[in-house]
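Q: Sequence:
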Amino acid sequence: MSEELHWLSAAEAVARLRDGSLDLADYVEALLERTERLAYLNTYISHDPAQVRQSLSRDPRPSGPLFGLPFALKDAIDTADLPTTAATPALRNWRPGRNAPVAQRLLDAGGTLMGKQALGELSFGITGNNPAFGTVGNPYHPRFMVGGSSGGTAAGIAAGLVPVGLGADTGGSARIPAALCGCVGFRPSHGRYDQQGVVPISSTRDTIGPLARTVTDIRLIDAICTATSVDDTAVDLSGLRIGVPRNYFYDDIDDEVGTATERTLAELSTAGAMLVEQDLPDIGTLNQRVSFTIVLYEALRELAAYLYQHGAPFTVRDVVTQMAGPAERATLASILDRDVVSAADYREALVVHRPALQKAYATYFADHDVAAVLIPTTPAPARLHQEPGRDGTVDLNGRTVDTFFTYIRNCYPASNAGLPALSIPSHLTSTGMPAGVELVGPASSDARLLAIGEAAERLLPGLPKPTL
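Taking full-length UniProt numbering, the leading residue of the sequence shown gets 1, the next gets one more, and so forth.
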């Protein structure tokens with residue numbers, strides 16, 4: 001059994017499974033073996049090799065476009081056969097009893113579920129630390145952060161434990177860990193995927209987000225997950241106009257991230273792309289008027305509705321009071337018994353400020369005739385893990401800054417506007433940690449954005465694989 005099977009891309013694996021040159025059982029065993037050897041990365045919450053093998057014995061050569069391709073799910077996506085813990089103590093043994101529609105799509109397409117992966121508690125954590133379920137290690141250095149909240153999915157894919165997975169993205173939860181772990185993370189346009197059967201934060205902003213090692217693999221999974229038709233047309237970078245909005249997005253970024261991003265811009269320019277150096281006016285202010293007003297109003301209301309609809313034997317109060325993470329518990333406890341955000345402020349954010357943010361983006365794309373903008377995914381690369389409860393700050397350019405707000409800063413505006421956004425690996429820093437760049441496209445331009453990302457990915461040198 002070749003050890004290198006674990007580095008097959010999803011597209012390569014599907015092609016070989018289809019033509020019979022790859023045996024599904026051998027492929028799955030290679031991934032199970034690697035997962036066991038790298039268990040110290042702690043990427044899974046639920047992973048039962050016997051259950052995986054049993055599923056193969058029932059259907060040794062699954063039909064459908066995936067032909068048995070192994071995949072994993074962030075442990076906030078409902079499954080009938082495994083718990084959905086959302087990485088919080090109250091839900092540790094919670095079994096919703098049915099698959100989320102998007103999980104069912106992958107299973108119906110012939111995918112093999114390998115397990116449920118670690119996340120920040122209730123999808124709020126940003127580092128990969130979780131007092132209840134442990135710390136997830138970065139494949140490029142296990143003592144470094146993986147990002148969040150879909151950190152287990154990003155780490156598992158980057159480490160070669162599974163070729164693809166579904167995370168989720170409310171404010172950057174797929175793109176941030178993808179950037180820090182050296183893989184690809186996609187936030188589709190809001191509403192592109194069926195969001196039912198996912199432990200929620202905000203229906204206005206939540207979306208499932210696939211992660212993989214290549215953009216081609218993201219396109220493969222996107223075609224199965226979306227309910228809309230998919231355009232797989234390729235894009236030529238020559239003459240393609242890419243916006244470079246330096247205000248806000250390029251402000252106060254780590255020197256290593258800045259160097260990696262500038263190298264990427266230079267490589268795109270050499271390939272013929274036209275870099276349009278135009279700022280997005282007032283983007284920080286427009287974004288701030290939307291962001292936490294909507295989340296803090298919706299979070300507990302929607303979690304309560306999810307528990308009620310699924311007949312859960314516990315309440316939203318039970319969930320919050322049992323939370324293990326002190327920062328996450330404090331945030332949700334603060335809104336448990338009082339309206340931190342009034343209904344009037346929520347409506348204003350939803351019907352006035354969010355449309356203004358969306359209009360600002362639409363105007364930018366139209367006025368400057370750009371197909372996408374390119375920005376650093378995160379202002380800093382991964383930092384060393386600190387103990388849970390002490391990981392609220394990191395160093396940035398010689399200053400101590402808030403961890404959460406630093407890492408979400410560049411991902412947040414596109415999330416609030418509901419736009420498609422794609423993080424791809426850029427280059428390694430001098431300390432060997434990945435840096436990512438993010439492409440953001442106009443509303444509902446998902447297929448074209450993925451094609452642009454695929455073209456950029458072919459151009460870039462690619463990251464060396466982690467040496468685990």
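Derived from the structure by calculation, the hints contain no laboratory data.
Watch out, some of these pointers could steer you wrong.
Label-pair restraints from in silico Cβ distances [what the hints assert, rightly or not]:
(1) D369 / D23: 46 to 52 Å
(2) G284 / A330: 34 to 40 Å
(3) G389 / G258: 29 to 35 Å
(4) Q386 / G191: 33 to 39 Å
Even glycine gets a Cβ: it sits at the ideal position worked out from N, Cα and C.
Q: Each hint needs a verdict: does it hold in this structure or not?
A: These are the hints, each one checked on the structure:
no.	hint	in the structure
1	D369 / D23: 46 to 52 Å	holds, 50 Å
2	G284 / A330: 34 to 40 Å	violated, 25 Å
3	G389 / G258: 29 to 35 Å	holds, 31 Å
4	Q386 / G191: 33 to 39 Å	holds, 37 Å
The structure is inconsistent with hint 2 alone, although it conforms to all the rest.
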